[in-house]
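Engineer: Now for the letters of each chain:
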Amino acid sequence: MTTIRKLLIFACFIEVFLFFNSCKKDDINPEQIKQFSIHSDNTGSDYTVWVVLPKDYNPDFTYETAYLLDAQANYLRYDKIAKITEEQSLKYNKQNVIVVGISSENDRDRDFTPSNTELGGGGSEGYSKFLEFELIPKIESDYRVDTTAKSRLIIGHSLGGLFACNLFINHSHLFHNYLMLSPSLWYDNGLLLQYESDFRAQNATINNLVFVGCGELEESIVLGAQEWDYRLSTFYPNCIHSFYKLLNRSHVESAFPNAEQGLAYYYENK
Amino acid sequence: MLNRLSPTLNKVLPIIMKTNNAFMLRLFTLITTILVVSNLTIKAQDTLPSYQSKAFKSLDLNCGIGIYSPTYAPVPLTLVYQQNIKPGFSWLVFSQLGLRFKTDPYLNMRYKTINWIEGGGIGASFGKKIFNIGVHAIVGGRFYFSEYTARNSDLYNKPTVITKKLMPELGLLLNMKVGKKKIYFSSQLYASLYPFKNILENFHNFSLGIGYKF
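Those protein sequence lines, which keep their order, are chains A and B. Position 260 of the first sequence, counting from 1, maps to 260 under the working numbering, and the rest follow consecutively. Position 160 of the second sequence, counting from 1, maps to 160 under the working numbering, and the rest follow consecutively.
Be careful, since some hints might not be right.
What the hints assert, rightly or not - Only pairs whose alpha carbons sit at most 35 Å apart, straight line, appear in this in silico DSBU-like list of lysine-lysine:
1) B:Lys102 with A:Lys245
2) A:Lys94 with B:Lys197
3) A:Lys245 with A:Lys80
4) B:Lys57 with A:Lys245
5) A:Lys83 with B:Lys182
6) A:Lys150 with B:Lys158
What the hints assert, rightly or not - Chain A side only, calculated, beta carbon under 7 Å to chain B, not exhaustive:
7) Gly190
8) Leu193
9) Glu219
10) Val222
11) Leu223
12) Glu227
13) Asp229
14) Ser242
15) Tyr244
16) Asn248
17) Arg249
18) Ser250
What the hints assert, rightly or not - Label-pair ranges, simulated between beta-carbon atoms:
19) A:Asn207 with B:Gly120: 55 to 61 Å
20) A:Asn58 with B:Ala137: 51 to 57 Å
21) B:Tyr72 with A:Glu132: 31 to 37 Å
22) B:Ser69 with A:Pro237: 51 to 57 Å
23) B:Pro168 with A:Lys91: 30 to 36 Å
24) A:Leu119 with B:Leu200: 18 to 24 Å
25) B:Ile65 with A:Tyr75: 22 to 28 Å
26) B:Asn157 with A:Glu132: 28 to 34 Å
27) A:Leu174 with B:Thr160: 31 to 37 Å
It should be emphasised that the hints constitute simulated quantities derived from the structure, not laboratory data. Only a predicted model underlies this, so the values are computations on that prediction, with no experimental measurement involved. A virtual CB, placed ideally from N, CA and C, is assigned to each residue, including glycine.
Work the whole structure out from these sequences, hints included.
Structural biologist: What follows is the structure, encoded as structure tokens:
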């Protein structure tokens with residue numbers, strides 16, 4: 001093959017690549033994103049927080065909020081989630097939410113787990129207090145947000161999903177809406193499943209919105225997620241919930257598509 | 001038995017050996033056969049096709065480890081038959097069986113995973129005599145089976161999850177051979193490209209083993 005022909009083929013590949021790249025949707029405007037750092041006395045850690053305001057944010061209105069755990073993770077980053085909320089709000093003709101992304105770079109295993117094991121530090125109670133008494137009040141003082149639990153959504157993946165399940169059982173007054181993505185319900189011999197049984201009677205009347213999503217190829221997660229969905233169906237008649245198993249996806253690769261699916265469910269039903 | 005197989009030898013050998021002792025004749029025949037065959041074999045080493053020659057054919061057997069999640073991914077055993085079409089360009093038959101049977105204390109689950117790939121490939125290789133590296137695209141099919149069972153089954157309405165899938169397979173094989181004799185050292189890197197949207201977490205693997213030149 002001559003050199004000129006090889007160059008022509010290479011140029012074609014570059015053109016095709018640039019064409020598809022140019023078709024990319026617009027990202028969130030950086031001016032919509034506010035970043036700050038907050039220290040928690042409850043956990044002893046510092047957290048970076050990103051607040052993504054709706055495009056048409058108006059301080060004369062109050063907004064609902066979506067709290068996103070692991071917000072720095074590339075597969076579930078705060079600006080990508082904010083992009084989905086923007087699209088879904090337009091699709092369902094409903095007011096967009098303020099996305100509050102919380103970083104978890106340092107103490108994730110401690111903050112999201114309910115007990116102290118080799119795999120986690122059992123600091124979820126401290127982290128819950130951080131949310132309830134430190135972060136949420138700060139967001140409510142700095143931005144025009146609805147202060148009721150009904151207006152709050154929590155999005156967690158993996159151990160973050162486990163933490164969301166913990167909030168559902170033990171702190172259901174904080175959030176009304178839950179996106180539990182690939183929750184690690186296997187943790188500590190299924191401790192959260194045991195908690196759910198123990199506290200079921202007092203939680204039976206709650207009427208939260210719950211979306212549980214997982215990937216087909218993360219079987220250890222599917223086991224717990226299916227069980228969680230079964231319990232919601234059987235023991236929580238007032239909850240509206242949905243279970244979604246994404247085909248041909250594993251743990252990380254299912255996170256973002258399931259977040260999209262969950263946010264669509266949230267906007268459809270809020 | 002040797003006498004029945006070589007009646008000519010039976011007539012000639014006593015003349016050479018100047019003996020009619022049957023045991024000695026049999027022993028002499030056996031030793032001669034071994035020497036002749038090994039001599040032929042040694043000569044064959046010098047005439048082995050190089051990795052780039054059109055006559056090159058090989059069979060590689062490798063065992064390895066999953067790349068993304070080594071402690072959970074099935075352990076792969078790979079058999080690759082490769083044959084040159086023209087110098088530096090070859091087709092191959094790719095078979096891989098991955099197994100993992102384990103009781104995991106952290107998950108508190110027992111699980112079995114089987115990942116079986118059959119495919120054909122085509123690609124190019126570089127390196128002639130001692131060292132050769134090949135890149136081949138693999139197309140075929142994959143059978144995937146897994147069964148996960150929670151050990152604390154009392155907590156679960158359904159304590160077992162079974163996944164069974166038959167799906168197309170598309171992959172990329174990087175195959176390195178080192179050695180100029182009939183048996184050589186082989187290592188492989190296999191990247192499973194399908195499903196495309198799960199590419200990060202597909203069962204990519206790295207393996208080591210030996211190859212045999214025909």
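Engineer: Are the hints correct? Go through all of them and say.
Structural biologist: Hints versus structure:
The hinted pair formed by Lys102 of chain B and Lys245 of chain A meets the criterion: a straight-line CA distance of about 24 Å does not exceed 35 Å. Our distance criterion of 35 Å between C-alpha atoms is met by Lys94 of chain A and Lys197 of chain B, whose separation comes to about 30 Å. Our distance criterion of 35 Å between C-alpha atoms is met by Lys245 of chain A and Lys80 of chain A, whose separation comes to about 21 Å. For the hint pairing Lys57 of chain B with Lys245 of chain A, the CA-to-CA distance comes to about 45 Å; that exceeds 35 Å, so the pair is violated.
For the hint pairing Lys83 of chain A with Lys182 of chain B, the CA-to-CA distance comes to about 59 Å; that exceeds 35 Å, so the pair is violated. The hinted pair formed by Lys150 of chain A and Lys158 of chain B meets the criterion: a straight-line CA distance of about 32 Å does not exceed 35 Å. Hint status for Gly190 of chain A: holds, given a least beta-carbon distance of 5 Å to chain B, under 7 Å. Given the 7 Å rule on beta carbons, the hint for Leu193 of chain A holds: about 5 Å separates it from the nearest Cβ of chain B.
Below 7 Å, beta-carbon pairs count as interface contacts, and Glu219 of chain A has one with chain B at about 4 Å; its hint therefore holds. The criterion of a C-beta within 7 Å of any C-beta in chain B is met by Val222 of chain A, whose closest approach is roughly 5 Å, and the hint holds. For Leu223 of chain A, the interface hint holds, since its Cβ comes within 7 Å of a Cβ in chain B; the closest pair sits about 5 Å apart. Using the Cβ-Cβ criterion of 7 Å, the hint placing Glu227 of chain A at the interface with chain B is satisfied: the shortest such distance is roughly 5 Å.
Among the interface hints, the one on Asp229 of chain A is violated; its C-beta lies about 10 Å from the nearest C-beta in chain B, farther than the 7 Å criterion. Annotation: interface hint on Ser242 of chain A violated; nearest CB of chain B at approximately 18 Å, more than 7 Å. Against a cut-off of 7 Å between C-beta atoms, the interface hint on Tyr244 of chain A is violated, since the closest Cβ of chain B lies about 15 Å away. Hint status for Asn248 of chain A: holds, given a least beta-carbon distance of 4 Å to chain B, under 7 Å.
Using the Cβ-Cβ criterion of 7 Å, the hint placing Arg249 of chain A at the interface with chain B is satisfied: the shortest such distance is roughly 5 Å. Below 7 Å, beta-carbon pairs count as interface contacts, and Ser250 of chain A has one with chain B at about 4 Å; its hint therefore holds. A C-beta distance of roughly 57 Å is found between Asn207 of chain A and Gly120 of chain B, which places it inside the suggested range of 55 to 61 Å. One distance hint, 51 to 57 Å for the beta-carbon pair Asn58 of chain A and Ala137 of chain B, holds here, with the actual separation near 55 Å.
In this structure, Tyr72 of chain B and Glu132 of chain A meet the distance hint of 31 to 37 Å, their C-beta atoms being roughly 36 Å apart. Distance hint check for Ser69 of chain B and Pro237 of chain A: the Cβ-Cβ separation is about 39 Å, which falls outside the suggested range of 51 to 57 Å. Remark: the range hint 30 to 36 Å for Pro168 of chain B to Lys91 of chain A is upheld by a beta-carbon distance near 33 Å. Separation of Leu119 of chain A from Leu200 of chain B is about 22 Å and conforms to the stated range, judged on CB atoms against 18 to 24 Å.
At roughly 24 Å, the beta carbons of Ile65 of chain B and Tyr75 of chain A sit within the given window of 22 to 28 Å. Judged by the Cβ atoms, the range 28 to 34 Å given for Asn157 of chain B and Glu132 of chain A holds: they are separated by roughly 32 Å. The given range of 31 to 37 Å is respected by Leu174 of chain A and Thr160 of chain B, whose C-beta atoms sit roughly 34 Å from each other.
Hints 4, 5, 13, 14, 15, 22, counting from the list given before, are not met by this structure.
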